[in-house]
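Peer 1: Residues per chain, in single letters:
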Amino acid sequence: MDPTALYESFKALQNPNFFQDAYMQFYKAWFAEDRWLTYFKGLSTTLYVTVIALAIGVVLGVLVATVRTAHDQQRPGRHNPFLGIVNAVCRVYVTIIRGTPMMVQLMIMGFAVFATSREKTLVGALTLGINSGAYVAEIIRGGLMSLDPGQMEAGRSLGLGYLDTMRFVVIPQAFKAILPSLGNEFIVLLKDTSLISVVSGKEIVYFARAIVTKTYEPMAPYLITAAMYLVLVLIFSWLQGKLERRLRQSDRR
Amino acid sequence: MIDVKHLSKAFGDNLVLDNIDQHIYPGEKVVIIGPSGSGKSTFLRCLNLLETPTAGTITFDGAVVTDPKADIDKIRQQMGMVFQHFNLFPNMTVRKNITLAPVRTKLMGQAEADDTATALLKRVGLEEKADAYPAQLSGGQKQRIAIVRALAMKPKLMLFDEPTSALDPEMVGEVLEVMKELAQDGMTMVVVTHEMGFAREVGSRVLFMDEGHVMEEGKPEDIFSRPQNPRLQEFLSKVLH
Amino acid sequence: MKKLFALVMAAAMMVTLLAACGNTTTNNGGSANNGGNASTNEGTGDENTGDTSLNLVEEGKLIMATNCQFPPYEMVADGTSGPYVGEDGVSYEGIDVEIALAIAEKLGLELVIDDMDFDSALMAVQNNAADVVLAGLSYREDRDEELDFTDKYATGIQVVIVKEGSDVTMDNLGDGKLIGTQRGTTGYIYASDTPENGGYGEENVLAYDNGALAVQALVDGAIDAVIIDQGPAEAYVAANEGLTILPGTWVEEDYCIAVDEGNAGLLEAVQTALSELQADGTLDTIVAKYISAE
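Protein chains in written order, with the numbering used here: chain A, 1 to 253; chain B, 254 to 494; chain C, 495 to 788.
By construction, these hints were calculated from the structure, which means they are not laboratory data. Treat the hints with care, as some may be off.
[Unchecked claim] Stretches of chain B that chain A covers, calculated by requiring three or more beta carbons in the stretch to come under 8 Å of a beta carbon on chain A:
id, region
1, 329 to 342
2, 351 to 361
3, 400 to 407
Note that CB positions come from ideal geometry on N, CA and C, so glycine has one too.
Next up, chain A with everything else stripped away, as it sits in the complex (with noise of 0.2 Å):
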């Protein structure tokens, strides 16, 4: 049935039941004036926002988590002066990042630091990468030092160096045990994208208000919203246990 000549009729009605006014409810929130075309707008807005931010928090996470475990696994004796500050560097901005809530960070970052930028909706991909950074430098960084240090004494008693047991036995190695915690982090990624409405950002939740404020009924808006980040984890997740179960095979082989 047509939904529009549906929600006409229940239109019409004197009293409807719970379900016709919940259908009528979906209606303006979903298929009047094509609004449905307006969340997914939101939605390749979060999707931008969330590859940006985690391309951001892999590279930096990669990066601070190198320095950390090259650090700390630096020959005693041999210290490098240049790599010790950079890990303090390290230390400091996994500290700051972890100990201070995502919210607070954005509100810094798009009122404070980039109050003059206009483009909120790269600030708070920035941001959000930035913090996605720390949590993917200590996923990596925990991935590393759980490995059994016999796997790189093995690698370096061959004469491998450092770099090159790192590339070959620890980080492929390490790389299977961290993607369990690597899916999750992208998970939580996706659904803190929703806060960067709080600096304007442009996502689902921005459009989901925009529609509230034309239907005056918010709970349709948002439980559309809540869906389809429902929908978008579950489809990750799938893509994960996929990917997990492929990696895993070779374990048994």
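Given the coordinates of chain A, work out where chains B and C should sit on it, guided by the hints.
Peer 2: Showing chains B and C alone in chain A's frame:
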């Protein structure tokens, strides 16, 4: 070949090695025995700098291993090491385990490394396992592969850190057999082990370590038949009965 | 201990400030009179600078900061159906949007609308991130210290929405009733003031990001009343069964356009354009389009 002077190693306040002087000559098969916690593994791991000595110098073929400026990777390429827990790389096939280091250190090309791997695997009777992953092998097979992996670098010296301690009893023999053959080929070896039979049969010199000191050293027949040090006597009475 | 705490706090804030300042100075571009130094201009009024240039953030553009959650003054249009469509494909409509379009046309500038939270919009002009604020913005003396205002272009009437059959009246709002408002609006500022100053006390007033959330809280019984502008109030009451507007007005205010304190050239240009629109009836036409005169 290896010259150790005044070697000390402390973990925090715990002095594990106390002022050790040793010299290992080419072709020697030095077997280190002693109770656990005596510092014998630490001594072995100091030789290729897996542990950094607190004091003292180690010289290998004229190169000062303990010098912070030494190219430790170059030195380690000439010292093979076999670990108690094998430490094979689980993410690679057996062949890749063996050829990774020779190829990456530009010791040989991939083709030559593959040939070397095949030849060495044949020697230890595991050529059909070249494309298997470590998880599919038994403990004894893993340790034999680990020995092959070290040998592929054509080292001048082999270090063995309790190579049979983590094995089920029925697999100890196959690993010791490989080590004996290696000894017969004239490889210089330093072996930390609890296998007294191996020490007696293969060792050219036995070191008894306790509390960070070399308490007694000598030919196997002297050590096992006429122990002088009371600690050694006590140790032998425990392990041989 | 106290000293140490003070020191740590100071250090932390310094870092933040340095970061903020560093950026402000680099982005200042050509315009000199900006928010941070408002204290030097304080009290001297609008016409002291004698600078008649427009002092725009970007050449050829009139950037308008607003909060498009405030029907019928500004809202996000469905699809691209509004009179304004931004570069990012988001379209806006409303009284303020159309007034701004008309003013920009008169000034020969391209209008750019930046949608943000209401309190952010006020900061945007001070931070030199926007030229003008049109956001159903009421004139207030304390705002006049940071912003310069035009004459009023509309009258904002704030009313009180309550549930039908509620015992709340205009007179007993202060008796421990929980009141919802929109964050940063005059409704919030007045209501959350102390009883001596005519408010109801901070503890009795909740600030919501937008009017819809406040109204929903009222529907759910979380709060007893919502103070909000008349236009949206009528729409909310029509859309939500069981709500009613208390008779009488809670406060009447003048809606004005604001520019950054001391930007006299722009203020004058906008004022002139606004006066012309008022005189030729354009303003009334725009208002009538969105608010049906009953």
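Peer 1: Kindly indicate which numbered hints from before are broken by the structure, ordering the numbers from low to high.
Peer 2: none
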